[in-house]
Structure formats: structure tokens, C-alpha cells
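Chain by chain, the residues run as shown.
Protein chains: 2
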Amino acid sequence: MSKKIKILLVDDEPDILEFMEYNLIKEGYDVILGKNGKEAVDLARLEKPDLIILDIMMPVMDGIEACRQIRNTPGLKDVLIAFLTARNEDYSQIAGFDVGADDYIGKPIKPRVMLSRIKALLRRLNGVHSEVTTKIGGIEIDREKYLAFRDGNAISFPRKEFELLALLTSKPGKVFTRDDILARVWGNDVVVGDRTIDVHIRKIREKLGDESIKTVKGIGYKFDI
Amino acid sequence: MSKKIKILLVDDEPDILEFMEYNLIKEGYDVILGKNGKEAVDLARLEKPDLIILDIMMPVMDGIEACRQIRNTPGLKDVLIAFLTARNEDYSQIAGFDVGADDYIGKPIKPRVMLSRIKALLRRLNGVHSEVTTKIGGIEIDREKYLAFRDGNAISFPRKEFELLALLTSKPGKVFTRDDILARVWGNDVVVGDRTIDVHIRKIREKLGDESIKTVKGIGYKFDI
DNA sequence: ACCCGTGCTTAACAATTTCATAACATAGTG
DNA sequence: CACTATGTTATGAAATTGTTAAGCACGGGT
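Line by line, the protein sequences are chains A and B. Going by the numbering used here, the first residue of the first sequence is number 1, and it counts up by one from there. Going by the numbering used here, the first residue of the second sequence is number 1, and it counts up by one from there.
FYI, nobody ran anything at the bench for these hints, they're computed from the structure. We put the CB at the ideal spot given by N, CA and C, even for glycine. Some hints here could point you the wrong way.
To be verified - Below, in silico cross-link-like pairs of lysine-lysine (DSBU-like), each with a Cα-Cα straight-line distance of 35 Å or less:
| # | chain 1 | residue 1 | chain 2 | residue 2 |
| --- | --- | --- | --- | --- |
| 1 | A | Lys135 | B | Lys135 |
| 2 | A | Lys171 | B | Lys171 |
| 3 | A | Lys119 | B | Lys214 |
| 4 | B | Lys217 | A | Lys203 |
| 5 | A | Lys135 | B | Lys217 |
| 6 | A | Lys26 | B | Lys48 |
| 7 | A | Lys174 | B | Lys217 |
| 8 | A | Lys207 | B | Lys171 |
| 9 | A | Lys160 | B | Lys145 |
| 10 | B | Lys207 | A | Lys222 |
| 11 | B | Lys48 | A | Lys6 |
| 12 | B | Lys174 | A | Lys48 |
| 13 | B | Lys174 | A | Lys222 |
| 14 | A | Lys6 | B | Lys171 |
| 15 | B | Lys171 | A | Lys174 |
| 16 | B | Lys6 | A | Lys214 |
| 17 | B | Lys38 | A | Lys145 |
| 18 | A | Lys145 | B | Lys207 |
| 19 | A | Lys160 | B | Lys207 |
| 20 | B | Lys77 | A | Lys160 |
| 21 | B | Lys38 | A | Lys174 |
| 22 | B | Lys174 | A | Lys135 |
| 23 | B | Lys214 | A | Lys145 |
| 24 | A | Lys145 | B | Lys35 |
| 25 | B | Lys145 | A | Lys145 |
| 26 | B | Lys135 | A | Lys6 |
| 27 | A | Lys119 | B | Lys26 |
| 28 | B | Lys214 | A | Lys26 |
| 29 | A | Lys145 | B | Lys26 |
| 30 | A | Lys119 | B | Lys77 |
As the list claims (entries may be wrong) - Every beta carbon over 10 Å from chain A, so not counted as near; a handful from chain B, in silico:
| # | residue |
| --- | --- |
| 31 | Glu18 |
| 32 | Ile155 |
| 33 | Ala183 |
| 34 | Ser212 |
What the hints assert, rightly or not - With the C-beta cut set under 7 Å, the calculated list includes, among others, these residues of chain A facing chain B:
| # | residue |
| --- | --- |
| 35 | Lys119 |
| 36 | Glu144 |
| 37 | Lys145 |
| 38 | Phe149 |
| 39 | Arg159 |
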């Protein structure tokens, strides 16, 4: 996958946490756990997850209030938030949509339903997300076609190479550290050897046929004209 | 001049039906009427409207269930569905979200509000699926006839194959991920094995007899000339 | 009700592509 | 110059997709 998707999961019942964590990790998501609303807010600010799943009923701070505070955090206004609710809870209390929830997931939780719902939500996110194409210094990156173009000629890349290139070109001139690159192209907990990034960089350079990817020794790489 | 837009309107109160029908027809829409959820499903399948407006509370089958069934009908996965809801029905809103509604129109209905909402919805539709036929690289897809044509010769496909082809050709060049494809051709809650998509792709390729469907390894498939 | 054909899914296996690594070369830095 | 970070290359493992055939479910017709 491109950058691994990070999900913050908050519930006060360890069983549910464990159950959902298991299913989410199995799908390849990056999962962070919290056990009350207070933690939810702190972790959200710290980790900037892509999606937050909040139980409504929790000690210390309930999900509604947590949601409100998260939404009031700069940079987290557009995070996806879904509520967990028991079927028989009083829906009027779950006026969750008033505080800006994006979806709700009913208990008891069925793994398949939950996962498909999450995928649907994340798909919505993708639609809004960054620009589909970037044009910079004679080459154009089309994230939808998974192709780069130079003078109208398509250059195709295998997945990792493309994602690496897409990352670098997403902010031309910015230096991405190796850790950055590892986290965002490979995923947070993936461990790969020292030379892996270099090899991919090399192949991209070869295909692009120019010097647009610069090495910043001791730091990382950047895409620059 | 495009085809007239077809709206299926379902409510059990004749007054509301008449009132809305009047306003919609005045705007030049093609209106079909139903008076309960059962009729909604039947008419939706029969008429393939562009937009369905469902009351939540209805005899025989409520709007929620009708929506669910419509969404599970092949070929109607992407139909626009809007719910009619009385102001204070929190429950409706939440449950409606659950089954994939696109919008809510509150009662009491104000004609102008309703019409602008409907136009906004249909604008969304235009981006994606408006054209009945697509012509691309020697082949033509007719979504109404469920047929593809190459040099005037019809090629017929079973439903799944056709929908898959229709999806890919809806945006030539764009890579559709496997998850995308699963969600939009098979449906959100359907779980099928790993090789199912491949098998369908293979059959389509066989029938098209060319290389227009490309594999993007690790991502998905695209239709490209 | 029964049969038949079609469409859909699966499973097993083959073919292919991509990826990570190791070993070594080179360049940059103080 | 010594040391460290990066470049290069070939190679095998791993991941992904292709292919085929078989079985099941469903609908239409008799």
C-alpha cells in the first residue's frame, strides 16, 4: 500500500479493542489504541490518524465530547470520525452528527461489515485528498493513472517506485528524510535494510533519465529541478 | 440535449406525492411514483431512475429497507438515493447513513430547497455516470443495452463482466484498485475470493480480443488504449 | 418438479513481476 | 586519509496475477 493508513481506535472495553485491533491489523491498517475520551484527544493530536473510531460511552470523557475537542483541534478538522454505538442505545443521545461524525458503526460488531464500512469511509477521504496530478520540471505525475509523463510519453513504475516518486514530487524542493520515506512509503512498522531506499531511488532516476532527484547527504532526498 | 432525468418518488401520503410531483414535472423531470417500499424496489429495478427519493416511514416496507435492497441490486449500486425525513427523526438520519443514502430532504418540504438539493445531487451524478454510452479505442459500451460493440458487432457480457468493463471504461486510464472494483461491482458487504476479479478480467479480455485492459501490479486494473 | 444451460465463484497450480538484500564500489566530509 | 553515507548490481525470495477446470446456484423451459 501507499502510506499505511492509520486508525485510532478508542473503547473502554479491552475485549472489543482487541477484537477490532486484530481485524484491522489483519487488513493492513496501522492501529493505535486508546481507552477513554481523554486519550482519544491526546492520541489524535499526537498521531494525526486518518480515521478515528470512538466508542460513545466511556469513562473520563465520552466519545461525543472527545469528538468535539478533536474537531476543534487545528489540523484535525477533516479527520474522519466514526462512532461505535450499541444498537439499543438511545439514538437521540447519539446526535453525533451534530458534532461532526462521519459514520457510526453498530455493536455487536461484525468484522466484515466493519471493514467494508471503513473502506467506504476511506474511499471518501481519497476523493477529497490531494491533487491527482503534479507537474514539475518537465515531468508530470498522474496519481490516478499511476504514470509519469515526460513530453507526453508515459513512463511506468512499479508500485513502490511510483509511490516514492509521488511522495517526493508531492512537495518539490522539500527534503524527505529516510525515516520519513520509510514511514510513508513502506509503513510505520516495516523494517527494511539500509540500501533498499537507494535501490529504488536509483531505478527512478534511471527511468526519469535526469537529475531531478537530489541526494542530501546525511538527511535524505528531494525532488528539485 | 440529454435524456430526460428520471426520478422515482416514493411516499405513502398522496398529498406529498402530488405536491412534489407537480414541482418536479414543472422542472422538466420525468417522475415515477410509488407508495411504499416494496413498490420502490420494484420500480427502481424496472425503471432504473437517476434519482430515488424515499420516505422513511412507509407501510409494507420502510425506506431504509427499500434503500438496502435497491443498493443490493446489480446495476443500481450507484443510483442516487435521498431520504425524506421529518425534522426531529435523529434515528432516521443515522440509520439512513448506514445503508448508503446520498442526501436527506427534511419535511416540511419547501419546493425551492428541494429542487436545489436535487440539482446538487444530480450534478454529482454528472461527473460520473451520466453517459449511457462510452466510445473508447474501437469499442463502444452501451450501459443501457448491456452490450459492447466493436466495429458495429455486438459483444455480449454476463452481468458482472459487463459491470466490471463498464466501470473500467467509465474513466479510461484511471487505475481502479481491487478494493474499488469489489466495492463498486460486487458491493460493499460482499466478500469474494482473491482470484474472482482476475477470472472476470480474463474473460473480458478474451471477449474483447485485445490488450486494452492493463494490469497494474499491486494496485489494480485500468482500461487504456 | 426436473433438466439444462449460464453465470459466478473457488481452488489449485503456473507464470510473472516486484522487492529486499548482500556484497562491493564510489563519493562526500572532516 | 579514514570513515561514513550513498550508489550499483545481480540474484533469489516473496508477492501478485494469470489460467484452468470444476462445482454450485439459479432461472427458464418442458
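### Query
When you check the alpha-carbon spacing of Lys160/A and Lys207/B, does it fall within 35 Å?
32 Å, holds
### Query
Regarding the pair Lys174/B and Lys135/A, is the alpha-carbon distance no greater than 35 Å?
OK: Lys174/B and Lys135/A at ~17 Å, within 35 Å.
### Query
Are Lys217/B and Lys203/A close enough, with their CA atoms no more than 35 Å apart?
17 Å, holds
### Query
Within 35 Å, alpha carbon to alpha carbon, are Lys171/B and Lys174/A?
32 Å, holds
### Query
Are the Cα positions of Lys38/B and Lys174/A separated by 35 Å at most?
Violated, at about 58 Å.
### Message
Lys145/B and Lys145/A were given as a pair; does the straight-line alpha-carbon distance stay at or below 35 Å?
### Response
Roughly 28 Å separates the two Cα atoms, so the pair holds.
### Task
Sort out whether Lys35/B lies within 35 Å of Lys145/A, counting only the CA atoms.
45 Å, violated
### Task
Verify the interface restraint on Phe149/A: the C-beta must sit less than 7 Å from at least one C-beta of chain B.
Because about 11 Å separates Phe149/A from the closest Cβ in chain B, which is outside the 7 Å limit, the hint is violated.
### Task
Answer holds if the nearest beta-carbon of chain B is closer than 7 Å to that of Arg159/A; otherwise answer violated.
4 Å, holds
### Query
Is Lys26/A close enough to Lys48/B, meaning Cα to Cα at most 35 Å?
Violated, at about 38 Å.
### Task
Confirm or reject the statement that Ala183/B sits farther than 10 Å, beta carbon to beta carbon, from all of chain A.
The claim is violated: Ala183/B sits with its nearest Cβ about 7 Å from chain A, within 10 Å.
### Message
Using the nearest Cβ pair, does Glu144/A come within less than 7 Å of chain B?
### Response
This hint holds: Glu144/A lies near chain B, its Cβ roughly 5 Å from the closest one there, short of 7 Å.
Hint compliance for this structure: hints 6, 9, 10, 11, 16, 17, 21, 24, 26, 27, 29, 33 and 38 are not met, and every other hint is.
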